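Residue numbers (the working numbering), protein chains in the order written: chain R, 1 to 413; chain H, 414 to 501.
Please keep in mind that the hints were generated in silico from the structure rather than gathered at the bench.
None of the values given here were measured: they were computed from a predicted structure.
It is possible that part of the hints are untrue.
Some chain R residues close to chain H (C-beta under 10 Å, calculated; not the full set) [as the list claims (entries may be wrong)]:
hint : residue
1    : Arg38
2    : Phe51
3    : Trp55
4    : Gly111
5    : Tyr120
6    : Asn123
7    : Ala151
8    : Ala155
9    : Ala194
10   : Pro331
11   : Lys333
12   : Ala393
13   : Glu394
14   : Arg395
Below, in silico cross-link-like pairs of lysine-lysine (DSSO-like), each with a Cα-Cα straight-line distance of 27 Å or less [stated by the list, open to error]:
hint : chain 1 : residue 1 : chain 2 : residue 2
15   : H       : Lys447    : H       : Lys498
16   : H       : Lys447    : R       : Lys191
17   : R       : Lys154    : H       : Lys448
18   : H       : Lys423    : H       : Lys487
19   : H       : Lys448    : H       : Lys423
20   : R       : Lys318    : R       : Lys330
21   : H       : Lys498    : H       : Lys448
22   : R       : Lys318    : R       : Lys206
23   : H       : Lys498    : R       : Lys154
24   : H       : Lys487    : R       : Lys206
25   : R       : Lys192    : H       : Lys498
26   : H       : Lys450    : R       : Lys206
27   : H       : Lys448    : R       : Lys197
28   : R       : Lys191    : H       : Lys450
29   : H       : Lys447    : H       : Lys487
Glycine residues also receive a C-beta, built at the ideal position from the N, C-alpha and C atoms.
These are the residues of each chain, in order.
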Amino acid sequence: MYNLSFLSNLPSFIPGWAIVAIFLILGILFGIVLERSRFCFTTAFQETMEFRNPWILQGVFLFLGISAVLMSVLTQFGIVQPAIDHQGWFTVVGGFLFGVGIAMCGACASGQLFRSGSGYVANWMEFIGAGLGGIVFALFFYQQVEAPAVAATKAITIWGALGLPPLAWGIISGGLLILLAVYLRRFLPQKKAAQYKEKRFTFSLKQPWHPYAGAVALAVMTVVYVTLAEGVSMSVNTPNTLTIAWLVNFITQPFGLNLVSSPWFTQGVVHGQVLSRLTPLDLNQFSYPHYGHHLGYVALGLWLFIPITILGAFISSKIAGEFRLRVPGKPSKLLWYLVGGMIMGFGASVALGCNIAAWSDSFAVRLDMSGMLFSVGLFPGVWFGTRLDEWVAERIWGFGRPAPKVVKKAPAD
Amino acid sequence: MVADALEELKNTEPDEVFDVRGETCPFPALHSQKKLKRMPVGHVLEILIDHPPAAEETVPGICAENNWPYVLEKEGDYWRIKVKKTSR
Chain R
1 MYNLSFLSNL
11 PSFIPGWAIV
21 AIFLILGILF
31 GIVLERSRFC
41 FTTAFQETME
51 FRNPWILQGV
61 FLFLGISAVL
71 MSVLTQFGIV
81 QPAIDHQGWF
91 TVVGGFLFGV
101 GIAMCGACAS
111 GQLFRSGSGY
121 VANWMEFIGA
131 GLGGIVFALF
141 FYQQVEAPAV
151 AATKAITIWG
161 ALGLPPLAWG
171 IISGGLLILL
181 AVYLRRFLPQ
191 KKAAQYKEKR
201 FTFSLKQPWH
211 PYAGAVALAV
221 MTVVYVTLAE
231 GVSMSVNTPN
241 TLTIAWLVNF
251 ITQPFGLNLV
261 SSPWFTQGVV
271 HGQVLSRLTP
281 LDLNQFSYPH
291 YGHHLGYVAL
301 GLWLFIPITI
311 LGAFISSKIA
321 GEFRLRVPGK
331 PSKLLWYLVG
341 GMIMGFGASV
351 ALGCNIAAWS
361 DSFAVRLDMS
371 GMLFSVGLFP
381 GVWFGTRLDE
391 WVAERIWGFG
401 RPAPKVVKKA
411 PAD
Chain H
414 MVADALEELK
424 NTEPDEVFDV
434 RGETCPFPAL
444 HSQKKLKRMP
454 VGHVLEILID
464 HPPAAEETVP
474 GICAENNWPY
484 VLEKEGDYWR
494 IKVKKTSR
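Go ahead and model the full structure; you've got the sequences and the hints to work with.
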């Protein structure tokens, strides 16, 4: 069987680092695609809800649709078996918290990566915050609440519940999503202006891409990633948490708190040795045929895929000449992003995934229920978070008062 | 006709300049929308934005939705959007 065996069972003369390199290259490409098409899910949701502008949302739906059709073909013929997550109340609650967090930061789990790479310092704080939120979850919520709640639920695919073959549901849902993406294009308010120039469908590194171009590239990347990752959906929040936890561990270890062996980070004990998510290469010791001796390198690759995305976005924004270090004018904003990031990271951990793992890949890869449940929490969360944004901007950051930024004459620079 | 009006707007001195540079989604668009709503009809506002999606898509979207003429110009690493609030 191909599933759970291909990469991790490559012959031992192929160095495991080659597997890590594959994911690093994919991560850089992912960063480039996100940055060029400015594919931010928060922007998609917020702009549709606040300004009735589905500019990015049309791309999101096209990405979901194309990917759903392709993945259902692979699932149908047994080439890939997507790993289905459990879903329950925690998906809804986590989705709400996630929505509040991303609205506070104006960028989702994947959006923060390319923003960070293009120089937005506030999103660096979001990335750190998300990791801290994940750690708080791991230490205080996982064992106490999450694990029993997850154990009490089942993983449900929509096609399974409907008694359909995966391909049938993939074509129905994917087809509807593609139609919706095309239909949304009619509602772009900016098209009413005569001088508006719609972005071109291009993959040029020098120009911003049309969201449809980003959608096609992301769909292809998702299919490649999930196939190589042996059915695992693209995860942003877990690698984000691992990256920050790895750094935080240098501080907490001298004080007696070793995250490597704390709950959630540990995945089990094999031959008396604790296997931790923070030391993925230990997994290489699994040598029985089903898992393969390169399993640790696959796990490390899936982790590094996310931080390297920031580098991809940096490269791409540099090539396009759009990179600029952007520090928010008010230092309190950095704290706002840190807190927003923490709520986002905690929420994603509770929901078992972020906007990619719990939401988009649910429609695009697994064809399961989690995306719909996540939506029930997500959209009220985004709405509430945006109101918080407005409230704080009015009262603390001085919008509405004669702000010093409002000047009579344009500055010369 | 439309082109003439836009050319005229381009050369109009703005009544106010609103600087949202340094802000990221959703603030440039949210703030601009509020500012425009509170501004008296007939005024011209110049908005300075350095957040690409807000400058190229969202704020033009807000203007077009209300049928307010606008001019978008790229200046170095930021954009100037001049909007004339022609109606409520």
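Hint by hint, here is what the structure shows:
1. Because the smallest distance between the Cβ of Arg38/R and any Cβ of chain H comes to about 5 Å, under 10 Å, the interface hint for this residue holds.
2. With a cut of 10 Å, the hint placing Phe51/R at the interface with chain H holds, because the nearest CB-to-CB distance is about 6 Å.
3. With a least beta-carbon distance of about 5 Å to chain H, the hint placing Trp55/R at the interface is held under the 10 Å criterion.
4. For Gly111/R, the suggested interface contact is upheld, since its CB lies about 8 Å from the closest CB of chain H, less than 10 Å.
5. Interface restraint check for Tyr120/R: the shortest CB-CB distance to chain H comes to about 6 Å, inside 10 Å, so the restraint holds.
6. Using the Cβ-Cβ criterion of 10 Å, the hint placing Asn123/R at the interface with chain H is satisfied: the shortest such distance is roughly 8 Å.
7. Residue-level restraint check for Ala151/R is violated (minimum Cβ-Cβ distance to chain H is 38 Å; threshold 10 Å).
8. For Ala155/R, the interface hint is violated, the least distance from its beta-carbon to any beta-carbon of chain H being 34 Å, above 10 Å.
9. Satisfaction of the interface hint for Ala194/R is found here, the shortest Cβ-Cβ separation to chain H being roughly 5 Å, below the 10 Å cut-off.
10. The beta carbon of Pro331/R comes no nearer than 12 Å to any beta carbon in chain H, farther than 10 Å, and the hint placing it at the interface is violated.
11. The interface hint given for Lys333/R is met, as the beta carbon of that residue sits about 9 Å from the closest beta carbon of chain H, less than 10 Å.
12. Of the supplied interface hints, the one on Ala393/R holds, with its beta-carbon coming within about 7 Å of a beta-carbon of chain H, less than 10 Å.
13. A hinted interface residue such as Glu394/R counts as satisfied when its beta carbon comes closer than 10 Å to some beta carbon of chain H; here the least separation is about 9 Å, so the hint holds.
14. With a least beta-carbon distance of about 14 Å to chain H, the hint placing Arg395/R at the interface is violated under the 10 Å criterion.
15. Annotation: proposed proximity of Lys447/H to Lys498/H holds, straight-line Cα distance about 13 Å (limit 27 Å).
16. Between Lys447/H and Lys191/R, the direct Cα distance comes to roughly 22 Å. Compliance with the 27 Å bound is thereby established for this hinted pair.
17. Between Lys154/R and Lys448/H the alpha-carbon distance is near 49 Å, which puts this suggested pair outside the 27 Å criterion.
18. Restraint check for Lys423/H and Lys487/H: satisfied, since their Cα atoms lie roughly 13 Å apart, inside the 27 Å limit.
19. As the CA atoms of Lys448/H and Lys423/H are separated by approximately 20 Å, the hinted pair is consistent with the 27 Å bound.
20. Pair hint Lys318/R plus Lys330/R holds up; C-alpha atoms about 26 Å apart against a cutoff of 27 Å.
21. In summary, the hint linking Lys498/H to Lys448/H is supported, as the alpha carbons are separated by about 11 Å, within the 27 Å threshold.
22. Distance restraint check for Lys318/R and Lys206/R: the Cα-Cα separation of roughly 10 Å lies within the 27 Å cut-off, and the hinted pair is therefore satisfied.
23. Between Lys498/H and Lys154/R, the direct Cα distance comes to roughly 55 Å. Violation of the 27 Å bound is thereby established for this hinted pair.
24. Annotation: proposed proximity of Lys487/H to Lys206/R holds, straight-line Cα distance about 16 Å (limit 27 Å).
25. Distance check on the hinted pair: Lys192/R and Lys498/H sit about 16 Å apart at the alpha-carbon level, within 27 Å; holds.
26. For the hint linking Lys450/H to Lys206/R, the alpha-carbon distance of about 36 Å lies beyond 27 Å, and the restraint is violated.
27. Note on Lys448/H and Lys197/R: the hinted pairing holds, with a Cα-Cα distance of about 25 Å set against a maximum of 27 Å.
28. For the hint pairing Lys191/R with Lys450/H, the CA-to-CA distance comes to about 21 Å; that is within 27 Å, so the pair holds.
29. Under the criterion of a C-alpha separation no larger than 27 Å, the hint pairing Lys447/H with Lys487/H is consistent with the structure, at around 23 Å.
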